[in-house]
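**Student:** Keeping their order, the protein sequence lines are chains A, B and C. The numbering of the first sequence is my numbering, which starts it at 3 and goes up by one. The numbering of the second sequence is my numbering, which starts it at 2 and goes up by one. The numbering of the third sequence is my numbering, which starts it at 1155 and goes up by one.
Treat the hints as calculated values from the structure; they're not laboratory data. Treat the hints with caution; some may be incorrect.
As the list claims (entries may be wrong) - Subject to a maximum C-alpha distance of 25 Å in a straight line, what follows is the list of computed SDA-like cross-link-like pairs (lysine to any residue):
#	chain 1	residue 1	chain 2	residue 2
1	B	K386	A	T51
2	B	K136	C	I1229
3	B	K172	A	M275
4	B	K383	A	V126
5	C	K1444	B	G67
6	A	K91	C	L1372
7	A	K124	B	G67
8	A	K91	C	I1229
9	C	K1293	B	G368
10	B	K299	B	L62
11	B	K136	C	P1299
12	A	K80	C	L1462
13	B	K299	A	K124
14	C	K1293	A	P221
15	B	K195	A	I137
16	C	K1293	B	P141
17	C	K1293	B	Q124
18	B	K340	C	L1372
19	C	K1444	B	P141
Stated by the list, open to error - Pulled a few chain A residues facing chain B out of the computed Cβ check, cut under 8 Å:
#	residue
20	P123
21	I125
22	D187
23	G213
24	G217
25	P221
26	T222
27	T257
28	Y267
29	A269
30	A273
No residue lacks a Cβ here, since even glycine has one placed at the ideal position from N, Cα and C.
If you want the building blocks of each chain, they are given just below.
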Amino acid sequence: MEQIIANGLYLGAQYALIALGLTLIFSLMNVLNFAHGQMYVFGGFVTYTVVAQFKLPFVVGLLASAVVLAVMGALIEKFLFRPVIRKSKRDESTMLLAAGIAFFLDAVILLLFGEKQRGVPKIVNGVFNWDMRIIMPYDRILIGLLAIALIVAFILFMQYSRTGRAMRALAQDRVAAELMGVDVDRYSMIGFALGAMLAGLVGGLLVTITGVNLGMGGPTSIKAFLMIMIGGAGVISGAIAGGFILGMMESVGLTVLAAYGDVTYLAIFAALMIFLAIRPQGLMGKPWG
Amino acid sequence: MKRRVFLGTTGLSLALALAATTSAWAENAKLKIGFVGVTSGPAAAWGISNQRSMETRAAWLNELGGVKIGDTTYDVEIVPFDDQKDPKRAIAGMEKMAQDGIHYVVGPNVDDGAAAVRPVAEQNGIMYFPYAFPKELYAPPASNAILGMVANYQSGPAIYKYLMENKGVKKVAFIAGNESDPLSQRDSGSAAAKALGLEVVSDSVTYQMDTTDFTPVLLPVIQAAPDLLVLSGVSPANAPQLIRSARELGYTGLISTETAQDAAVLQEGAGDLANGFISVGGASTPELASDTMKEFVKRYTEKFGEYNDESNTKVYALEYIIETLKANPKAIDSVDEFKKTIDGFEAPNPFMVGDAKLKYVGTTSFGQKRQVSVPLVVNEFKDGKFETLFVAQVD
Amino acid sequence: MTPVRLLGIGAFLIGVFVLVPLFIRLSGRWDLYYTLTSVALLSVGAAGVWLTFYIGRINIGQGAYALLGGYVSAILVTQWGVSFWLTLPLAALTCSAVSVLIGLPILRLRGVYFAMVTLVLTEVARLTALALPITNGAKGITSIPLPGKLSIFGLTLIPDFATLENPKLAFYLMAAVLMVLTYLVLWRMVNSRLGHLCRSLQQNEELSASIGVNTAMLRVLAYAISSFFGGLAGAMFVAISQSIYPSSFAVSDSVNFMLYCFLGGLGYVFGPLLGTLLLYFGWDLLSVAKEYQLLIYSGAMIILMLVLPNGVLSLLDRKGGQK
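Okay, chain A solo, but in the shape it has when bound:
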């Protein structure tokens, strides 16, 4: 039992961090970023290149991922999303653009980093073993804690910094924020960069444990979508809750339903659809977010 909870918490921490970036972008621009998973993969490959190829410390790799992805996010917002949002008649049109970017990043990743699964060596060795009740390798514990630290830092940033407050205002009411003198374009760009950076950071963190390959992008996006649906789209606390809930459901489901074969995810998906049918805006979402 303890093991199941520990697994769920670890999964939840990494999921929540992935969902945060996605929900931030959604809340600011009403864009469902299909390329989020690809950004995560890109971040993983950047860290891999820095750590495994250039033999630099892991922290440098993480920083490199953060910077590269932030720049990428800012450019994508400024040159792609902004003009399209301005010109399109329906909000959803950005989905095609996002999907195009996702395919494009897939192609770039394949050309730059190759088709193989990549991973960097463990950063800490050893396994924590509490009387066979909880078994958890130290590197997982470290990554889990780092993920939680990043989540806390992000919340603090959004709560107390000037930029964070501006972005929250923007998310609440774009027009009102603009009238109050918030530079909408600037903060949209910062928000997008921040969201992309978060994706890159998770990629960098997880490359030490799960490794990275070019196929992970699409499925990661979909998982992130699930989480923000559970928690409520566009709400920071919702994304965190969604991440932990999905992590816990997987951990419990995979253990309890192991004997029945492939039904775990079927059960999770069915539960999700029923839940959303009862509560269409997720746990904490704005109605019709």
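Use these hints to put chains B and C onto chain A, whose structure you have.
**Tutor:** What follows is chains B and C alone, placed relative to chain A:
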């Protein structure tokens, strides 16, 4: 007005592109061999290693002056098509091959694609070499597919038997991704293990292909305490993570799979924890590789920057096609001639030391010779390299 | 109906049924038949997705219905020996029935929530197909016979495909007929009272409910028709590939159906048709670019979106004019 021009130019360029692909090249004799497989997306590693090994070998043969079939010398040209692991695209790819007048195609890489292209291949007279295991592709009435590698229901029993006799394995557990190929392989593997008298302690646990943490997945399997954990049809991306999670959960038994893996990927993903991992490979371990194989690896590495050990099992299909055509030049545009040649065909295997032969097998499994004979090389991973555990043959 | 419009429709029909086969015969590009068959069938599925867009819902779940339709047809043909031509409407109707059951609860969702639930639906369909015994699980259903003869009162309408010299042409014509019928229905619907009601849903559901439109009923109806098209497309595809696996229609197909609609233009009935043609055909043409295929394909998609964010057909809009 401008918009009209835009529409017009789009139409024009479409038409031009069409025309460009229609017009054939007027050059020396070319022997076109097709490849229909997945070279993008999650399973890209399978198709890319496949396509690259074909391209490497083709470029090498051409450099040597081409291949002489009958009285004509041909340059080998590989025509690739990315099916994105989508059976519908695979059909389009096969149609394209037929259009190009190609009669020999390597691929597709997965079960659904291989099944979907069958009608097209049979209507258009194409022999294809899938890397998919369903028996109905190769057993009569089907006759145009030739299995390009050793199937897991052939290698699995050999591995289990070896481990029973040499490592005292009694209890075995299976785990598979919830996709067609791994699940089918798990079922046949489990049946084979039972037939050998092994106790199957767990064969119902599956995982999503995109799992990032295998600890919860493996927990119930490890609790069943097997001596041997079989990763059925595991993809190269998932193998290191599964191994690592199993070891970190305290599992000390053996781990094996019946698919080909890449040593560098295992080393990066699992490090020392992967030591002792048993997988199936081709003939590139130092003990078995001939000079041709070593040269092949060298050329592949030069051409694409990095070798992929999965290519060891994928270098053969092209070799078989060319050698069979050499044996019967009439087969170059007639698959019926090719089928006639299959039964008696034999040629030396250039990739392996000793006197290994290229010949068609599969009578036991399919009732007709519809499989290339490649050595069943079972490897053990040790400190970043594969070592040969044993070699067997399939009939 | 204006003469210009009639002329346009006539030209389209002649193009599809006369010019394309003629071109293929003259140029010898027989492989185009399959590509165009795929375009026709995928555009049938995309038409359904477009219809859900029309009531203001983003549908990323058409793959689920295509898979369901495919399985219904495959199971009826292989296990009960039902004629394929009978299974085609049965498959589509089953999809409609299932979509009503699923649609009743989930159509209450809007925006990204609906989009995501439908996306999950595709995965649910795949996992269900893997888990159920009737679908033969992971091993799929293979060696499905070609469509047989269809005759009414002894009059052969469609000959047995297995006896045909060129089943490719037959499949193409069949798919083209389906496509034409689908778009005829769609076009008729959009320009009817029902279409106006759907448009009112797209703009403001509360408002249309307040003036007495039965929104719940309308939504389910539109979704059922949408799924009907999805089932048709799926069943036809299975007849062509003579096999079906749980992965025959996957999440990527669902996403593609949606992209076809976007690219063609959400405001135009023939948008999904054009979008399917451009994206599917474009990918095939780009296969000459080998490893840069995806790069060029996605790059073109991004550029198209930048230039024409409302879809390719928005080129036809008169400046400043509304549709």
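**Student:** If a hint holds in the structure, say so; if it does not, say that too.
**Tutor:** Hint by hint, here is what the structure shows:
For the given pair, K386 (chain B) sits about 22 Å from T51 (chain A) by alpha-carbon distance, which is consistent with the 25 Å threshold. Between K136 (chain B) and I1229 (chain C) the alpha-carbon distance is near 20 Å, which keeps this suggested pair within the 25 Å criterion. Proposed proximity of K172 (chain B) and M275 (chain A) is contradicted: the alpha carbons are some 40 Å apart, above 25 Å. With a C-alpha separation of about 22 Å, the suggested pair K383 (chain B) and V126 (chain A) falls inside the 25 Å cut-off, and the hint holds.
Pair hint K1444 (chain C) plus G67 (chain B) holds up; C-alpha atoms about 23 Å apart against a cutoff of 25 Å. In summary, the hint linking K91 (chain A) to L1372 (chain C) is supported, as the alpha carbons are separated by about 24 Å, within the 25 Å threshold. With a C-alpha separation of about 47 Å, the suggested pair K124 (chain A) and G67 (chain B) falls outside the 25 Å cut-off, and the hint is violated. Note on K91 (chain A) and I1229 (chain C): the hinted pairing is violated, with a Cα-Cα distance of about 43 Å set against a maximum of 25 Å.
Of the pairs offered as hints, the one joining K1293 (chain C) and G368 (chain B) holds, with about 20 Å between alpha carbons and a cut-off of 25 Å not exceeded. Between K299 (chain B) and L62 (chain B), the direct Cα distance comes to roughly 14 Å. Compliance with the 25 Å bound is thereby established for this hinted pair. Of the pairs offered as hints, the one joining K136 (chain B) and P1299 (chain C) holds, with about 18 Å between alpha carbons and a cut-off of 25 Å not exceeded. In summary, the hint linking K80 (chain A) to L1462 (chain C) is supported, as the alpha carbons are separated by about 17 Å, within the 25 Å threshold.
A hinted pair counts as satisfied when its Cα atoms are at most 25 Å apart, and K299 (chain B) with K124 (chain A) does not qualify at roughly 30 Å. Pair hint K1293 (chain C) plus P221 (chain A) holds up; C-alpha atoms about 23 Å apart against a cutoff of 25 Å. For the given pair, K195 (chain B) sits about 32 Å from I137 (chain A) by alpha-carbon distance, which is inconsistent with the 25 Å threshold. Using a Cα cut-off of 25 Å, the hinted pair K1293 (chain C) and P141 (chain B) holds, with the two alpha carbons roughly 18 Å apart.
Using a Cα cut-off of 25 Å, the hinted pair K1293 (chain C) and Q124 (chain B) holds, with the two alpha carbons roughly 24 Å apart. Between K340 (chain B) and L1372 (chain C) the CA atoms are separated by roughly 59 Å; this puts the pair beyond 25 Å, and the hint is violated. As the CA atoms of K1444 (chain C) and P141 (chain B) are separated by approximately 35 Å, the hinted pair breaks the 25 Å bound. For P123 (chain A), the interface hint holds, since its Cβ comes within 8 Å of a Cβ in chain B; the closest pair sits about 6 Å apart.
Interface restraint check: I125 (chain A) against chain B, minimum CB-CB distance 12 Å, threshold 8 Å, status violated. With a least beta-carbon distance of about 28 Å to chain B, the hint placing D187 (chain A) at the interface is violated under the 8 Å criterion. The interface hint given for G213 (chain A) holds, since its Cβ lies 5 Å from the closest Cβ of chain B, which is under the 8 Å cut-off. Residue-level restraint check for G217 (chain A) holds (minimum Cβ-Cβ distance to chain B is 2 Å; threshold 8 Å).
Given the 8 Å rule on beta carbons, the hint for P221 (chain A) holds: about 3 Å separates it from the nearest Cβ of chain B. Nearest Cβ of chain B to the Cβ of T222 (chain A): about 7 Å, under the 8 Å cut. The hint holds. Below 8 Å, beta-carbon pairs count as interface contacts, and T257 (chain A) has one with chain B at about 6 Å; its hint therefore holds. Annotation: Y267 (chain A) was flagged as interfacial toward chain B, and the flag holds, the nearest CB pair being 6 Å apart, inside 8 Å.
The beta carbon of A269 (chain A) comes no nearer than 13 Å to any beta carbon in chain B, farther than 8 Å, and the hint placing it at the interface is violated. Below 8 Å, beta-carbon pairs count as interface contacts, and A273 (chain A) has none with chain B, the closest being about 16 Å; its hint is therefore violated.
Violated hints, listed in ascending order, are 3, 7, 8, 13, 15, 18, 19, 21, 22, 29 and 30; each of the other numbered hints is respected by the structure.
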